[in-house]
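Asker: Residue numbers (full-length UniProt numbering), protein chains in the order written: chain A, 1 to 169; chain B, 1 to 169.
In case anyone wonders, no lab produced these hints; they're calculated from the structure. Fair warning: this is a prediction, and the values are worked out from it, not measured in the lab. Among the hints, a few may not be true.
Copies of one chain are not kept apart here, so a pair can be met inside one copy or by any two copies together.
Stated by the list, open to error - Below 25 Å or equal to it, Euclidean Cα-Cα: the simulated BS3-like pairs (lysine-lysine) are: (1) K4 with K41; (2) K4 with K45; (3) K45 with K83; (4) K4 with K83; (5) K41 with K83.
One letter stands for each residue in the lines below.
Number of protein chains: 2
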Amino acid sequence: MIDKIDMTILSILQDQGRTSNADIARAVGMAPSAVLERMRKLERKGVIRGFEAVLRPKDVGFALTAFTFVRADEGVGSTDIGKALSRVPGVLETHYTAGQDSYLLKVRARDTEHLQLILQEFGAIPGVRDTRTTVVLTTLKESRSLPLADDAATGRQEQRGTTKEQSKE
Amino acid sequence: MIDKIDMTILSILQDQGRTSNADIARAVGMAPSAVLERMRKLERKGVIRGFEAVLRPKDVGFALTAFTFVRADEGVGSTDIGKALSRVPGVLETHYTAGQDSYLLKVRARDTEHLQLILQEFGAIPGVRDTRTTVVLTTLKESRSLPLADDAATGRQEQRGTTKEQSKE
DNA sequence: GTTGAAAATCGCCGTTA
DNA sequence: TAACGGCGATTTTCAAC
Chain A
1 MIDKIDMTIL SILQDQGRTS NADIARAVGM APSAVLERMR KLERKGVIRG FEAVLRPKDV
61 GFALTAFTFV RADEGVGSTD IGKALSRVPG VLETHYTAGQ DSYLLKVRAR DTEHLQLILQ
121 EFGAIPGVRD TRTTVVLTTL KESRSLPLAD DAATGRQEQR GTTKEQSKE
Chain B
1 MIDKIDMTIL SILQDQGRTS NADIARAVGM APSAVLERMR KLERKGVIRG FEAVLRPKDV
61 GFALTAFTFV RADEGVGSTD IGKALSRVPG VLETHYTAGQ DSYLLKVRAR DTEHLQLILQ
121 EFGAIPGVRD TRTTVVLTTL KESRSLPLAD DAATGRQEQR GTTKEQSKE
């Protein structure tokens, strides 16, 4: 369903999201139109969900990163509270976890004061029992890049520690 | 240093990373060449770190997401262990935290067996004292998109829960 | 920042294996 | 079904203003 060439295309795009079709075509040794069609298919199937610019958070006013564990009272299988948490601006990620804490959130805030406001918003959501927050001092690596090269030997080597050596926050 | 127009450009790109220069130019009401120059400047200054395709992990063989806390023995201010942890394939994020746990890692693995291997690699790094892992059952939201609209009123409205309604893992 | 023009790319479609 | 090739529309990119 998803062959080696697709893997190479995905591998390129997860690291260099704006690589032109023409360049990808050259990399995989196919006609640009063929690559275009593969990309479309991958997007249509949902394998490619979209493309994001990677910004340096502090440069756009978000100096604080934190992870918050939220314990919630809700029926098994329901994720309504998780959805409500996800809607709070500054919440980048919402994971429903296996532990006793129901949710693990990744949050970005402008400063500690802003973080406090966000935590208050969490508390105001019905069903949220309590929260526990860990503030990040420094982010050493932050990427989406999966080690696709490991399995299919796509020809591209594993990238190490490369991407995003972030500055202090 | 970074004006409202830059913010609009960044806001567009963090959600639609492959938006063409021409489209961005139309959105901000400027000539394409001007937008191109702004983007180049933003990349050169490091505000834009790069572009990533957002892939659905399970479609490329990574069905498991986990967060691992690592306690490490190392001198204050040193992040050598963090760098070693970052080099382990499957480690997407490495955060140095303020808590008693030294590092918080975001990890993606193919399956539980693979996760075990990764945790063993952590344990093999000198200075790593112990690890504690929380497995993610479902990811409700996973994005990089910062609520830039909040501060400067760039004209683009806040995006809610939109991006990435992910399937179970 | 804008304009304008050349080079490259995009993206559709008919053809082919 | 998937890839190729061709071609017009669009975009990228650079120079001059």
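Asker: I want to check one pair: K41 and K83. Are their C-alpha atoms no more than 25 Å apart within a copy, between two copies, both, or neither?
Answerer: neither (29 Å within a copy, 37 Å between copies)
Asker: If the cutoff is 25 Å on CA atoms, where do K4 and K41 land: within, between, both or neither? Let me know, please.
Answerer: So K4 and K41 pass the 25 Å test inside one copy only (15 Å; across, 36 Å).
Asker: Within a copy, between copies, both or neither: where do K4 and K83 come within 25 Å Cα-Cα?
Answerer: For K4 and K83, the Cα distance exceeds 25 Å both inside one copy (36 Å) and across copies (30 Å).
Asker: Since the copies are identical, ignore which copy is meant and state whether K45 and K83 lie within 25 Å (CA to CA) inside a copy, between copies, both or neither.
Answerer: within (24 Å within a copy, 35 Å between copies)
Asker: Checking an output row: K4 and K45, CA cutoff 25 Å. Within, between, both or neither?
Answerer: within (17 Å within a copy, 36 Å between copies)
Against the hints set out earlier in the document, violations occur for numbers 4 and 5.
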